Structure formats: structure tokens, C-alpha cells
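Guided by the hints, dock chains D and U onto chain S, whose structure is given.
Read off the chains here:
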Amino acid sequence: MKHLLSAADLSRDDAEQLLTTAAQMHDVQRREVKKLPVLRGRTVVNLFFEDSTRTRSSFEIAGKWLSADVINVSAKGSSVSKGESLRDTVMTVAAMGVDALVIRHHASGAPAQVTDWVDATVVNAGDGTHEHPTQALLDAYTMRTKLGDLAGRRVGIVGDLTHSRVVRSNLILLRTLGAHVTLVAPPTLMPSGIADWAAAEGFSYGYDFDEVLPTLDAVMMLRVQKERMTGGFFPTPREYTVGYGLTRDRLRVLPEHAVICHPGPMNRGLEITADAADEARSLILDQVSAGVAVRMSVLYHLLGGAES
Amino acid sequence: MSDANTYLIKGADLLGAGRQDVLVRDGVVAEVGTPDAQDATVIEADGLIALPGLVDLHAHLREPGREDAETIATGSAAAAAGGFTAVLAMANTSPVTDTAEAAERVLDLGRDYGLVDVQPVGAVTKGLAGEQLAELGLMARSRAAVRVFSDDGRCVHDARLMRRALEYVKAFGGVVSQHAQEPRLADQFACCHEGELSGRLGLPGWPGVAEEVIVARDVMLARHTGSRVHVAHVSTAGSVEVIRWARAQGIAVTAEVTPHHLMLDTSLLTGYDLTFKVNPPLRPTEDITELRKALADGTIDAVATDHAPHARHDKQHAFAEAAFGMLGLEQALQVVNTVMVQPGLLTWAQVADVMSVTPARIAGLDGHGRPIAVGEPANLTLIDPVATVTVDGAASHSLSRNNPWHRLSLTGRVHATLLRGRPTLLNEEIQE
Amino acid sequence: MERPDTAVPRPDAANASGRIVLTEADISRALRRIAHEIIEHNKGVQDLVILGIPTRGEVLAQRIERLLHEIEGTDVPVGSLDVTMYRDDLRSQPTRAVGHTSIPGDGIDDRTVVLVDDVLYSGRTVRAALDALGDLGRPRAVRLAVLVDRGHRELPIRADHVGKNLPTARSERVSVRLAEHDGVEEVRIAASGSEGIR
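Residue numbers (my numbering), protein chains in the order written: chain S, 1 to 308; chain D, 1 to 432; chain U, 1 to 198.
There could be a bad hint or two in this list.
Stated by the list, open to error - From the derived model, a few chain S residues whose C-beta atoms are all more than 12 Å from chain D: (1) Ser-11; (2) Ser-52; (3) Glu-131; (4) Arg-165; (5) Ser-204; (6) Thr-273.
Unchecked claim - 16 Å max Cα-Cα, derived EDC-like pairs, lysine to aspartate or glutamate: (7) Lys-34(S) x Asp-82(U); (8) Lys-34(S) x Glu-37(U); (9) Lys-35(S) x Asp-131(U); (10) Lys-34(S) x Glu-60(S); (11) Lys-35(S) x Asp-82(U); (12) Lys-34(S) x Asp-135(U).
No wet-lab data here; the hints were simulated from the structure.
Small disclaimer: the values here were computed from a predicted structure and weren't measured.
From the three backbone atoms N, C-alpha and C, an ideal C-beta is built for every residue, glycine too.
Okay, chain S solo, but in the shape it has when bound:
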């Protein structure tokens, strides 16, 4: 594996190995000396075309704890308006002798396109409304710490699925790990062609949260951006919460062992009630350190060996 562009790049073995290594990396973080010498002399560039302090610092620490030289390059804004093409920007950065580019982009597919232009390893740190594979690895890692093996487990993903990059990666990875996934959203917030997609891949989707709620081992609540309201995706926040929010009533119906995930940032009171948010909150803090471990694992597996 040279790049990590999509959760679909990972076989079940790959995913298991990444998660196992992540657990070992997580152990390392409890030590006084957190640095490992594996990527000494390697250069990792965080090339972010869109702000994301959380993801950027997570990759930055991950790289540094593996002894790589990490450089952050911010290239915000449309390349079209700047008059420099994406290719030119990326090739300029790559010309500095970079081993890996960690790319965040507001447009879907940008990291995949970049692999045609540079020799460096490319890690997708979130592209448009497409994928965010390291977030999915982190979510799977967190779920596994609470649920053990995910094979046969039922996971519901609820919220703004159309505009979410997290949903695609999670759907793919969770299914790779043997979990049953159900997507839940109002029809206006479902990904295009969901019926064909679900039929082709064999996962389920629905518009009724209450129907799937009691069967779930884990529920992932995705952020609903306020600006979706002006897009006419749903009439009011109140109506959204009644239909698709993780409310106090729904919290009671959710099986006790079930894990609540939220990739954040949360809209308390919209997609998640304060109580549920507090419950999810503890996981979210867990996730910050696990996030670094997962990204260390990814960087180690992509860069730690001989060039393929």
C-alpha cells in the first residue's frame, strides 16, 4: 500500500493490522518518552487547502512522535481564483523532497488526483464530501475498545450524510470489518443514488431512526450544519431533532451497551441532546489521543518500510 486515499484501499487484514499497530502506538503515548525513531529522516508535509486544526495537529504530532520532520503548509482558497493550478501547488511542495503529503481539500477527489502528479505517498486527511479514512479508522478503533470485535455488530450512522466525508469512509471500513451498517437520514440528506448503492453493496438505509435504534450496538451521530436549513434540506431545527436527533427519549431506547460516537463538532440540542452529548463527550476525549495513535499507525505502515 503506497497511499491511503479511501477506506476502500484497506483489506480486512490491512485494517486489522493498522488497528493493532494503533493500539501499540497508543501504549507508547503513555510513556515518558513518546518518540519512536522509525521515520527519522523522513519528511511529512501537511498540505491543508481547508482549515482543520484538529486533524492537522493530530497528524503533526503523529509524525513528530515517529521522528519525522513535519511541515505544515496552508493553501487555503480556490486554486482557480489564485491562478495557480492544484498540480502546480502540489508539485512545488513535493519538489522540496517530501516523502508523504497529508492532504486536506475542500473538493472531493483532490488527494487521488495528486497521486498522478507526484511520487510521494499521499494520505487523504479529508476531501470534500468524499472520504476521511483516518477518521473512520479512529472511529473503528474507539468502537473496538468498547465493543471488541466489530464483526456482526450493528452500527447506525445518522445525520447529514449527503455532505459528510465521514460517512463514506465509515460505511466502507465498518463493512470491511464485518459490521452491519444502517444509514439513517431524511431523504434530502441521503447520498445520491443511495438505493442503487445500498443494493450493490448490501447495506441498509432508512428514514426512520426509531425503527433501527433498539437494534444498534453503536450509533454515530453526524453533524448537521445550520446552513443546510437555508438549502431547504429540512424545514426547521426543531423538526429535525424530533425526527433524527439523539434525544433523551431515544437514549433510553438505545441498548445499554451501545456506543455513542460523534466525529464533532457537535450541535448540542440539534442532532444530539446534552445528555447524550456528555456521554459521547467522554469518548470524544478518548478519541483525541487515539486519533494520534491511529495516524501514527497509518504513517508507520505507509512510510516505515522500504519503498515499494
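The following block gives chains D and U in isolation, referenced to the frame of chain S:
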């Protein structure tokens, strides 16, 4: 000694109806049958099909404004290499072709170069802004005698403005060619057919219905105003249905389909390859099948290339931000041969209709799309119908390289093109 | 992504080649002697920590711990120390799977750490282990116990406790098989081959 103005085309199959020799002298067809002309330059056309010179209703030649992507010269060469003798140059240049002067300039540049008749398309609205009508009448009265008006690249989405345009051009026999895209349903970033693939790739969807509602609205406006409307680059089965219905009602609607919408499907976007980003987007195979049927049964009148060259760097942005469009002039006839003629969906006579006769009639180009008969202007195309060609995008006459057919194998090879009796392409070489 | 080949069990003796240099009984005697040497040198088992280098070193460390307990009657902290990420040959091979590190609760600071591995060869694994230890704390002393020392050192490293010194040619391979891992208990030496070369 052979006379430079006299050519004898030997052994060509005229529109697939039988082999005859054609003598061309002083720009017109002088004799058909078994002419005897000692002074003529002989063009051996054994095994070739002769068609009236092709007419493209829809090309972007980029001059003035983006001469780094294409010029009228290079676009003309690409057209001649593809068997075209007339090309309608879209108005979305910089400056926009929205005045008589701008239209005449395009006309003159084409005539100066002389490889193909370049006929300007006028903008419907000033600056393509969709707010007020451009000087349609002055463009029509100019030396360029503009008859086709289009804001192509953008839709004339304001229903009242569209109604006025349709009414206004009646005075001089004009036609509005509509880029059907309801902007509220498919905005400027919409770039992938809305469906399973756009969902998986996370690309902004361009649903077929955004085209269909405009086609439906426009045929009703055409009925109401008694005007004629032309639908540019029809891409969906739904649009075909609407057009078929409208024709049955006697509404004056014509429509064109591009070579790429006849052959390439939406799955090509899987790897975010920008060569395949085009507007309207590549559609699923079900649509392609219906488009081929509609072209075969006459619901769609014409094949038009929507040749859209782009400088490399404009195709090197993130997918949703890069330029729309692909090349088409050089491969159009090969594609039609491959997907329509070879499978038996169209005869060569029908190819002459959809690629020459009908487009010339829609565009009001009297000297083009004529029969191959004595006294007619000698605008001719010779094609080898069976040659298998692997397209080499790097060998294009276009300045740009966004060729979706690159490395694909197509059937047929354009051998020669004659514009008013003068070869512009001979033995696959451009004749400057 | 490459799969590790080190942890794959090799169950049958049928595909074994070469000759046996240590039998089950030899191994048992050697480990018992090593345990006695450790106690003797340390004057008891106080402040000892036994760390095995995965995978077979880890098994041997646990056996030595059991022997120490048997002899002295007290528990000795035992754990494992994975050295994968400290190896100096990471770049010359596909990415290796990372093994398991577990350090006993009280850590290694001011303790005598006995590193345990199955075969001592170039010394590079031990060098990596010393680096890994450095990141975990500051032991008072580090000692090295190996079942087999086959020579050909490439670094100035020696073992403190050796089960058997085994003169070998570089082209030969030494394979240690332990019951917990391989279903058989023996050390073999064979002419050149790629499997399990140490």
C-alpha cells in the same frame, strides 16, 4: 499538367449508395458518373465513402480571449481533419460575441485561414449575463449574417427573457440554441451525473431533471410563441421523451447530441479523471442507449461536437473546480461510424443528414449540406469506413490535449476534406 | 501492505531440515543453568526485570521467570520488549508488523534488566533493544541472555548468559522451535535457506 482547380475523385461510394467518380472544377461539382478529365488531379477513393462536407453546430474555438487553448486557425485545422467544412463558433469568448463587430471579426478570421467556414454564433444576452438581450438584430444584419444565438455554457434560465429571445429572432429567421441547465437544480459546481457514482465519489450531482425541466419549458415557450428552439447537447432519455412529444405536437424544436454523449458513460469519472469532466456530464448507459435510438429515429436531428479545448492548467485543478469540456472535432465522424453506422443504427445517407444536411439547414448555411450533384458547391468529405484507428491525443491539430478518445480504438478514418473544391485535408494531411 | 512472516507457526517436524543441535532436554538444562547464573550474578532476584524480545525471546523469558520463581520462591517481573521500530534495517524491507511491548508495572528505572532472545547473531536486534530500553527508562544494568550464540557479530555486543555457543557458517541457518509456538522443541542447524534465517 494537371489543373490546380480540377480534381477527379475516383471510385468513392456516394453516401453509401454506389460507386461513382466525381469531377470537381472551380469549386463546384462538374460531373458525376464516369467523367473523363485528363487535366484533373486524381484523388483515389477506392473503398471510401463520400459525404457532403460536415457541419458542426457547436464548437468552442476560444479566439478571441483564450488563444492558449485554441485559435480559429488551430480549431479550423482540427475541423478539417475531422471532415468538417463549416463550424459554428460559440459566443462564449472574451470578449463575448454579442455585437455585429465581434461576429464579423470571427467570420473574417475564419475566412482568412480558409480551412473551414467559421460561422459565428451570437450571444442571446449581453455578456452572457442572462439579463438583457444582446443586439441580435444587428448581428443578423451584419456581414456575418448570424442566425444561431446561444449563451452556451450558461442556460437562458429566466423564462421571460427566453420567451422574448424566441419571439425576437423570428423577425430574421433566427434560432435560439439552448444550453438546458436549470441553475437551481444544477449549479456551477455540478459536475457528475447525479446518482450512485456521484454519491460514492462525493461529487456535486448534475441530475438529468435539471436539463429536462428546461427542455420541457422551452418547447412550451416555442409552442406559445410559434418560434423555433434548438436544444444543444441533449444528454438524457427524459429530454428525448420531451422532444419526441413536442415534435408529435408540431412544435418547432430541433436537437443535437454530442459524440461523447453517444459513447462515453459516467463510470469514466471513477478515478476523478478531468478529461471526462464535461457539461452536461457523461450519463449512464441507459441514457446513451436512448440517445442512439433517438438519433436513429430522427428525434434528435444532428450530431454536434461541443468541441471544448482547454489549456492544460485549466484541467489541473481539483475536480469540482476545473474547466468543463472535451475535444470532439477530429473524432466526431469516427465515433458516429463506430457507435451508429457499424452496428447498423444509421446508414451513410442518414449520417449525411445528421452531420451535414440538417445542421446546415438549422444554421441557415446555404452553401453547405448540399447533395453531391452537378452544379452544387464541392464541399465533400471522404472517409475510410473500416480502418481501425487508435486515437493518439498527442497528434491532435487542436492546441489542447483534453481528448477523451485518447488511446481508444475507433473505426473509420477521414481521408480527405474539400471546401468549395479545394482540398483542406488530403491523405490525412492538412492542406494549408 | 506486507504481512509479517515471523509469527507464523511452523508446526510439523516433517519440513524440518538439517541436524538437531539442541534437543528438548538440552534446552531445558540450558535454561535452568541460565536461571542459576542470573541468580548467582545478581545475588538473588531482587530488582530484576526479565524482558523477552518477541516472539521466541518472549517465550524464553517466561520460562526463565518460572525457573527463577521455582528456585528462589519469589515472583520476578517479566514482560516483553518489541524492537521493530528501533531496527536499523526498516528501510530495506517491506513494512514490518509491530510486536507487543509490555513492561511490568513498576517500570525499569534502577532495576537490572535481563534481555532474553533466542539467537544472538549480528547483534543488531540487541542494539535495537538497548535503544528501545533507553526510551522506557534508565535501568541500573542491562544483561543479555540467549539460548544460542552463533557468532558473526557485527557490533561490539556480547551475551552474559548463553545456552549454547554454536559455531556456524554465515550461510547456515539456525532455527529455534519452541513448544508454545511451533509445537516442537528443538534447535536445528541447516545449510543455507531462506526460512527462519537468524
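Minimum C-beta separation from Ser-11(S) to chain D exceeding 12 Å: can you confirm that?
holds (19 Å)
Starting from Lys-34(S), check that the Cα of Glu-37(U) is at most 16 Å away, please.
Violated, at roughly 35 Å.
Taking 12 Å as the cut and beta carbons as the points, is Arg-165(S) off the interface with chain D?
Arg-165(S) is in fact no farther than 12 Å from some Cβ atom of chain D, at 7 Å.
Find the nearest Cβ of chain D to the Cβ of Ser-52(S) and say whether that gap is larger than 12 Å.
holds (16 Å)
Given the hinted pair Lys-34(S) and Asp-82(U), is their Cα-Cα distance within 16 Å?
Holds: Lys-34(S) and Asp-82(U) sit about 15 Å apart, inside 16 Å.
Holds or violated: Lys-34(S) with Glu-60(S), Cα cutoff 16 Å?
holds (14 Å)
Is the straight-line distance between the alpha-carbon of Lys-34(S) and that of Asp-135(U) 16 Å or less?
holds (8 Å)
Hinted pair, alpha-carbon criterion (16 Å max): Lys-35(S), Asp-82(U). Please report holds or violated.
Between Lys-35(S) and Asp-82(U) the Cα gap is close to 15 Å, so the pair holds against 16 Å.
Compute the least Cβ-Cβ separation between Glu-131(S) and chain D, then decide whether it is above 12 Å.
violated (7 Å)
Check the hint pairing Lys-35(S) with Asp-131(U) against an upper bound of 16 Å on the C-alpha distance.
holds (12 Å)
Please verify that the nearest CB of chain D lies beyond 12 Å from Thr-273(S)'s CB.
The claim stands: Thr-273(S) keeps its Cβ more than 12 Å from every Cβ of chain D (closest is about 29 Å).
Non-interface claim for Ser-204(S): all C-beta distances to chain D beyond 12 Å?
The assertion about Ser-204(S) holds, with a minimum of 15 Å to chain D.
When each numbered hint is compared with the structure, violations occur for hints 3, 4, 8.
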